[in-house]
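Participant: Sequence lines, in order, name chains P and X.
Residues 1 to 148 in the working numbering are what the first sequence spells out, letter by letter.
Residues 149 to 545 in the working numbering are what the second sequence spells out, letter by letter.
It should be emphasised that the hints constitute simulated quantities derived from the structure, not laboratory data.
Ideal placement from N, C-alpha and C gives every residue a C-beta, glycine not left out.
Take the hints with a grain of salt, since some may be wrong.
Which bits of chain P does chain X cover? Going by a derived footprint, with three or more residues having C-beta under 8 Å, they are [said to hold, decoys possible]:
#1 13-22
#2 41-55
#3 60-69
#4 100-114
#5 126-132
Sample of chain X residues at the chain P side, in silico, Cβ under 10 Å [stated by the list, open to error]:
#6 288
#7 299
#8 307
#9 309
If you want the building blocks of each chain, they are given just below.
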Amino acid sequence: MMAQQHASTPIVEGLFEIVAGTPKLIGSQCHACNTIYFPQALSCRNPKCRDKSVEQTFLPHGGTLYSYTVQRYQPPPLFRMDHWSPYALGLVDLGDGLQVMGMLTGIKLDEIAIGMTLKLVVEPLYSDAEIGEKLTYKFAPAERAGAA
Amino acid sequence: MTRSVYVLGAGAHPWGKWPDKPQLQLAHEAMNLALADASLAWPEIQGLVAASSRFEGGMGWGLHANEVVQSVAEQGIPCINVGGACAAGAVAFQTAYALIASGQHDVVAVLGAERMPKGFIPRPPGSPDDISDSDYLRWVAMGATNPAYWAIEANRRKFDFGTSDETLARAAVMMRKNASGNRLARFRAATSIEEVLASPMVADPLHLLEICPVSDGAAAVILGTEEYTRKTGRKPVEVAGCAIATGEFGDPARRIPTVSTNVLPNVSHTSEVVNAVNSACEMAGIGPEDVDVLEMADNTVWHLLSWPELFGFYEPGQGDWMLDNGKLEIGGQISVNPSGGFLSFGEATTAQAVLQICELTWQLRGEAEGHQVPDATIGMSAVLGLGANGGSVILKT
Ligand SMILES: [Zn+2]
């Protein structure tokens with residue numbers, strides 16, 4: 001209850017937003033060639049593109065699992081997570097040639113399968129009496145994404 | 149004008165952990181060995197190109213060549229310090245090559261010397277803590293370690309080609325077998341598939357013994373003209389091709405430390421290295437089928453299976469069969485990392501690509517004691533560095 005006075009906030013500002021109860025990743029789209037980037041980009045990076053100017057956009061909030069791993073060792077201290085235990089990291093194909101990495105949640109480590117359909121969710125990573133609860137984006141099996 | 153360039157001498161300090169030797173001393177020892185190998189001394193050196201490190205030495209500004217010259221031979225020669233992270237040694241080599249090929253200088257040294265920090269590599273000072281720094285993002289948002297990126301590639305390979313855990317482990321076994329005959333390697337004890345698979349899982353499917361650790365080490369190469377190589381009285385080792393490249397937009401490789409990839413059809417995976425290899429082959433007028441020895445960056449066993457396929461040595465997915473049937477061993481169809489590779493050396497980042505060129509030189513001269521590839525006449529190196537830096541060197545005799 002200590003964290004009550006603080007709002008839950010994204011782990012990094014500008015990474016995602018919750019719009020009408022639905023989490024959305026914030027990216028950029030090029031005006032000229034329509035390429036989508038995540039996270040938000042300073043410029044289009046397509047070498048064939050002459051315009052280069054980008055504007056903020058929300059990314060598709062679901063995709064298919066392209067590949068994954070399970071991290072068995074705790075990452076260095078810049079990463080914080082309450083109740084650490086090995087967790088899965090996935091590479092999710094959001095369509096339009098964009099693949100995004102993120103933690104997987106809501107699935108047993110031995111039931112993860114390449115090709116499965118995933119939905120974006122937002123979950124607390126850790127909470128801290130000083131700064132409150134920190135949220136990150138994750139991907140969960142599509143059928144239970146509503147639980148977030 | 150373009151002149152032929154030759155490797156006059158090569159020298160390397162053994163890889164390991166050397167807490168009592170500062171980076172500068174490792175650099176001196178490698179340079180002294182390379183000079184002796186070339187039957188030269190500092191007064192003949194007309195330029196020094198060093199791979200810049202951010203970990204130690206170089207007066208804090210990556211001035212590693214200046215620091216070496218000031219400590220041993222203040223003779224007014226050009227000192228060039230080049231960045232390229234783990235590919236810096238290849239960038240240094242390319243630079244030295246150009247100084248000689250252009251006719252500007254006759255004898256130029258290339259140096260990479262590194263002492264790696266303990267534990268995880270810290271972020272550089274001054275990095276912003278926001279979405280513009282993907283190295284920050286990958287840590288705080290998901291804790292993605294370097295092995296996680298490689299593991300994601302390896303798991304996809306298992307899905308695409310049915311690569312087995314035993315085949316992945318066999319690559320690590322082969323590296324140790326090769327290293328057993330190389331006195332410069334750090335890990336020289338033989339291992340087995342059982343031992344590799346019993347080592348702790350780091351990031352599925354990669355075990356501890358399937359991922360290269362970090363080491364301290366130093367390597368140097370002296371390059372020179374045809375006239376100088378004649379004076380050595382040795383079998384000439386010529387630079388047949390060398391190239392550096394950076395990554396291409398649309399490359400599907402999971403590039404450390406990004407958290408997303410824009411994938412386009414018809415762009416090579418690990419394009420920075422593939423493009424460097426292709427350019428070096430074109431310059432040398434050879435194809436992959438002509439290469440006897442490949443020294444490549446094996447940060448993991450996945451790299452050993454996939455990179456030769458990406459370079460066109462054989463079809464995608466064929467690496468498993470090649471490895472399982474001994475075709476990649478010393479004296480096989482193509483000898484991959486007869487040195488024992490990064491897996492047996494540990495990575496001394498900026499020194500690694502220079503070591504690869506030393507190894508190729510010794511192989512082509514027939515001096516790779518204990519791990520010699522029979523009748524090797526063409527050798528190729530391939531290396532990858534942060535920032536999407538790729539480099540490749542082809543030597544011939
Ligand atoms: Zn564009």
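Participant: Work down the list of hints and note, for each, if the structure agrees.
Facilitator: Here's how the hints hold up against the structure:
1. Counting residues of the segment 13-22 of chain P whose beta carbon lies closer than 8 Å to any beta carbon of chain X gives 3, which meets the minimum of three for the stated coverage.
2. Requiring three or more residues with a Cβ within less than 8 Å of a Cβ of chain X, the coverage given for the segment 41-55 of chain P holds, as 4 such residues are present.
3. For the segment 60-69 of chain P, the stated coverage by chain X is satisfied: 4 residues place a CB nearer than 8 Å to a CB of that chain, which reaches the threshold of 3.
4. Under the rule that three or more residues need a Cβ within less than 8 Å of chain X, the assignment of the segment 100-114 of chain P holds, with 5 such residues.
5. For the segment 126-132 of chain P, the stated coverage by chain X is not satisfied: 0 residues place a CB nearer than 8 Å to a CB of that chain, which falls below the threshold of 3.
6. This hint holds: residue 288 of chain X has a C-beta 5 Å from the nearest C-beta of chain P, less than the 10 Å allowed.
7. Because the smallest distance between the Cβ of residue 299 of chain X and any Cβ of chain P comes to about 4 Å, under 10 Å, the interface hint for this residue holds.
8. Hint status for residue 307 of chain X relative to chain P: holds, with the closest Cβ pair at about 5 Å, below 10 Å.
9. Taking 10 Å as the C-beta contact cut-off toward chain P, the hint placing residue 309 of chain X at the interface is violated, the least distance being around 13 Å.
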